[in-house]
Amino acid sequence: MAGSFIRPSQSPPTVTDSDAGDGLDAGADGFEPEVALRVLIVEDDRETRDWIDSGLLEEGYATHAVGDGREGVALAVQGGFDGIVVDRKLPGLDGISFVRAVRSADVHSSIIMLTALCETHQRIEGLDAGADDYLGKPFAMAELVARLRALSRRPALSRESASLEWGPLALDLTRHAATCMGEPLDLTPTEFRLFEILMRHAGKVVTRSMLLEQVWHFHFNLRTSVVETHMSRLRGKVRVNGGESLIETVRGYGYRLQARSRPA
Amino acid sequence: MFALFSVLTAAVLWLGTEREARLEQRGELRADARDLVLLSYQQGLDALSTEIEERIILGAGLPRWYALYAANGVKLAGNLDDRPKREGWSVERFTPRATTRLPTPGSHLLTLYTVRTVRNGWLVVGRDSYYIRQMQDVAARIFALALLLIVAVSLVVGWLIGRQLLHRVGAMSSVAARISDGDLVQRMPVRGGGDELDMIALTVNQMLDRIASLLADVRRLGADIAHDLRMPLTRLRQRLERLHRHPATASDLQLGAAVDGALDEIDELLNVFQALLRIARVESGEPRSGFAPVDLAPLLEELVDAYAPVADAESHALRADIQAQLPVHGDRELLVQVFVNLIENAIRHTPAGSTITVWLAGTGSVVRAGVRDDGPGIPTAAHDQVLQPFMRLDRSRHTEGNGLGLALVRSVAELHGAALRLEDAGPGLAVSLEFAAAPDATRARPGTWPGRRAVRPDSTVRPCLDTPGGAH
Numbered sequence: 003m004a005g006s007f008i009r010p011s012q013s014p015p016t017v018t019d020s021d022a023g024d025g026l027d028a029g030a031d032g033f034e035p036e037v038a039l040r041v042l043i044v045e046d047d048r049e050t051r052d053w054i055d056s057g058l059l060e061e062g063y064a065t066h067a068v069g070d071g072r073e074g075v076a077l078a079v080q081g082g083f084d085g086i087v088v089d090r091k092l093p094g095l096d097g098i099s100f101v102r103a104v105r106s107a108d109v110h111s112s113i114i115m116l117t118a119l120c121e122t123h124q125r126i127e128g129l130d131a132g133a134d135d136y137l138g139k140p141f142a143m144a145e146l147v148a149r150l151r152a153l154s155r156r157p158a159l160s161r162e163s164a165s166l167e168w169g170p171l172a173l174d175l176t177r178h179a180a181t182c183m184g185e186p187l188d189l190t191p192t193e194f195r196l197f198e199i200l201m202r203h204a205g206k207v208v209t210r211s212m213l214l215e216q217v218w219h220f221h222f223n224l225r226t227s228v229v230e231t232h233m234s235r236l237r238g239k240v241r242v243n244g245g246e247s248l249i250e251t252v253r254g255y256g257y258r259l260q261a262r263s264r265p266a
Numbered sequence: 006m007f008a009l010f011s012v013l014t015a016a017v018l019w020l021g022t023e024r025e026a027r028l029e030q031r032g033e034l035r036a037d038a039r040d041l042v043l044l045s046y047q048q049g050l051d052a053l054s055t056e057i058e059e060r061i062i063l064g065a066g067l068p069r070w071y072a073l074y075a076a077n078g079v080k081l082a083g084n085l086d087d088r089p090k091r092e093g094w095s096v097e098r099f100t101p102r103a104t105t106r107l108p109t110p111g112s113h114l115l116t117l118y119t120v121r122t123v124r125n126g127w128l129v130v131g132r133d134s135y136y137i138r139q140m141q142d143v144a145a146r147i148f149a150l151a152l153l154l155i156v157a158v159s160l161v162v163g164w165l166i167g168r169q170l171l172h173r174v175g176a177m178s179s180v181a182a183r184i185s186d187g188d189l190v191q192r193m194p195v196r197g198g199g200d201e202l203d204m205i206a207l208t209v210n211q212m213l214d215r216i217a218s219l220l221a222d223v224r225r226l227g228a229d230i231a232h233d234l235r236m237p238l239t240r241l242r243q244r245l246e247r248l249h250r251h252p253a254t255a256s257d258l259q260l261g262a263a264v265d266g267a268l269d270e271i272d273e274l275l276n277v278f279q280a281l282l283r284i285a286r287v288e289s290g291e292p293r294s295g296f297a298p299v300d301l302a303p304l305l306e307e308l309v310d311a312y313a314p315v316a317d318a319e320s321h322a323l324r325a326d327i328q329a330q331l332p333v334h335g336d337r338e339l340l341v342q343v344f345v346n347l348i349e350n351a352i353r354h355t356p357a358g359s360t361i362t363v364w365l366a367g368t369g370s371v372v373r374a375g376v377r378d379d380g381p382g383i384p385t386a387a388h389d390q391v392l393q394p395f396m397r398l399d400r401s402r403h404t405e406g407n408g409l410g411l412a413l414v415r416s417v418a419e420l421h422g423a424a425l426r427l428e429d430a431g432p433g434l435a436v437s438l439e440f441a442a443a444p445d446a447t448r449a450r451p452g453t454w455p456g457r458r459a460v461r462p463d464s465t466v467r468p469c470l471d472t473p474g475g476a477h
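As they're listed, the protein sequences go chains A and B.
Take the position in the first sequence, starting the count at 1, then add 2; the result is the number in my numbering.
Take the position in the second sequence, starting the count at 1, then add 5; the result is the number in my numbering.
Think of the hints as simulated: they come from the structure by calculation, not from any bench.
One or more of the hints may lead you astray.
Label pairs and their calculated CB-CB ranges [said to hold, decoys possible]:
1) B/N210 <-> A/D96: 21 to 31 angstroms
2) A/G244 <-> B/S320: 50 to 60 angstroms
3) A/G81 <-> B/D326: 54 to 64 angstroms
4) B/L219 <-> A/S99: 32 to 42 angstroms
If you want the footprint, here are the derived chain B segments under chain A, 3+ residues with CB under 8 angstroms [claimed, not checked]:
5) 338-350
6) 354-363
This structure is a prediction, so every number in the text was calculated from the model and none was measured.
The C-beta atom is built at its ideal place from N, Cα and C for all residues, glycine as well.
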């Protein structure tokens, strides 16, 4: 999938030793290049497994794909994987048991569970077992990538920190203040929350469905108009000197905070 | 059954009477023997002999049998012949010698009681069992006759009843066979007697009515679904086919656009399926098991906040008119979906400048919530229609949406036992749901304004995607 059609207007990703990030990153300004992230794929359907594999490879990940749950556990437990993508229904060992086994072996890799089962209690079951995210099939590769990246650990921006900075933007959760170049931003509560999520994943793409889930708790993405209208207002507010917004709409993916606005 | 018990009763009675008679006779024999033995001790064997002879001669009607033997075995008196060998009871057949009085004596079955007298004599006292046997015969005959009668009658009656039952059950069976062959018009015959078979028949008929109506729904729905899904699939096919026809000349851009379009169509189809699946799940009643108190006030306020900019973008005014905390018992996710659908419908189907109000009101036992607008509304005649899946009014045929929004609203309302009403808001459409208030107001879930970290499980997290998101 993910051919040359659905791409942001940037150059295709290049995988080098120093910068194994993908075209989704905000460029080299302002942050360190990452080492290739290792992802374990556990999916029994061959076509899906190959699709995910190739999709992640294109995004610069180092992948290892298996089709059996037990094999997957053995590999996961060895450690070394930044992320694990596991299907809920597997031969040999089902997805939930896989997650429990991996977590009880004290493995801290991010785990995204894939499934065709999308009801609330099933999602909660998956998350309770220890998965970090739960994605329904079919999904866009961009969605999986964005969520994998959102889960990866970046020491610079701790998930639980109460104070965040990114370029000219600053967010202080204890005082509930968002500023740009020191000037306070006038945000509605919803916009504040959106801003916070973008800041926590600064430089990475946050998809519409991620925002729908985390801000409004909507799990049906038909309501993208909600995200779009709120984001469009937020974008209007987050700009430097009336220039372009620091929030970039990454067409086909979602939104992302840039380090600085592009030259007009 | 009845016959069997009758037989048993008869047998018991018969045995009982026989036993009684026998016991009585023995008692009599014993008493008689005792008297005679006493006489022998008081007045001697000779006196006893005389007494015995007297009794024999004087015995009329039912003969008595006696025999008196001396210790050395000589017979002293009596009309019995056998020399007794031991004391106690015995039953013997005895034929007396022919006499002038009785030239051809018949044989008798005697019950004999043998005792020792004074000076070691032997006394045998006997009675004929004839009388008892006679009585037994009569009794047996009576019982047998009665039994026969009872058995015959019960068999006949049973057969008659059974035949009728069989007939009715047979009728029901043949109706059932015809129904399972597909003839849904058939109904079980009801006799009107109010008995168990009738109750079964009535219940089955009710069931059949419901099945027939459901099947009619499904058939129509199936036709609607097939029809509505053909459109996007057809369009999809056309796009891909055009690509197929001109691969060489298509530019990258055209290819890109074509694939984008194809993906759009597929997404739309997946949305429809997802909506259908959701409706089916609601209709099955499954979510009821997860019901919990849900406070509608914060839920609706959040929705209004979320949709205000969306409405604004289309020049609508979206307002909330919300009373105090009013919890209902239900599924939060489904209720959110209901109001999302209603709000989106209102935004989509009213012209710019319309006002849309989301309201919540209630008394102690009733909670009412709804969405009303001041747009063109829906003609009253079409109110029922629009709740059908895929039903879309002509004028909105080409707007966004898949025609399943209100169908889901109706299913969810039904699941919650809430009354759904479509009314003319003069002008405009007012859709409302009326719930029974949840029993315990204080246990309602607090409003879920966005928490800090929503991916970790808390009861309102739903990070699952239904369909590919954000592709376009």
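Tell me if the beta carbons of B/N210 and A/D96 are separated by a distance inside 21 to 31 angstroms. Violated, since B/N210 and A/D96 (Cβ atoms, about 45 angstroms apart) do not stay within the stated range.
Taking the beta carbons of A/G81 and B/D326, is their distance inside 54 to 64 angstroms? holds (57 angstroms)
Closer than 8 angstroms, Cβ to Cβ, for at least three residues: run that test on the stretch 354-363 of chain B against chain A and report holds or violated. violated (count 0)
Cβ distance range 50 to 60 angstroms for A/G244 and B/S320, holds or violated: Since A/G244 and B/S320 have Cβ atoms about 26 angstroms apart, the given range 50 to 60 angstroms is violated.
Holds or violated: the stretch 338-350 of chain B covered by chain A, criterion of 3 or more residues with Cβ-Cβ distance under 8 angstroms? holds (count 5)
With respect to the beta-carbon atoms only, verify the hint that B/L219 and A/S99 lie 32 to 42 angstroms apart. Since the Cβ atoms of B/L219 and A/S99 sit about 38 angstroms apart, the hinted range of 32 to 42 angstroms holds.
Consistency note: the structure conflicts with the earlier hints numbered 1, 2 and 6.
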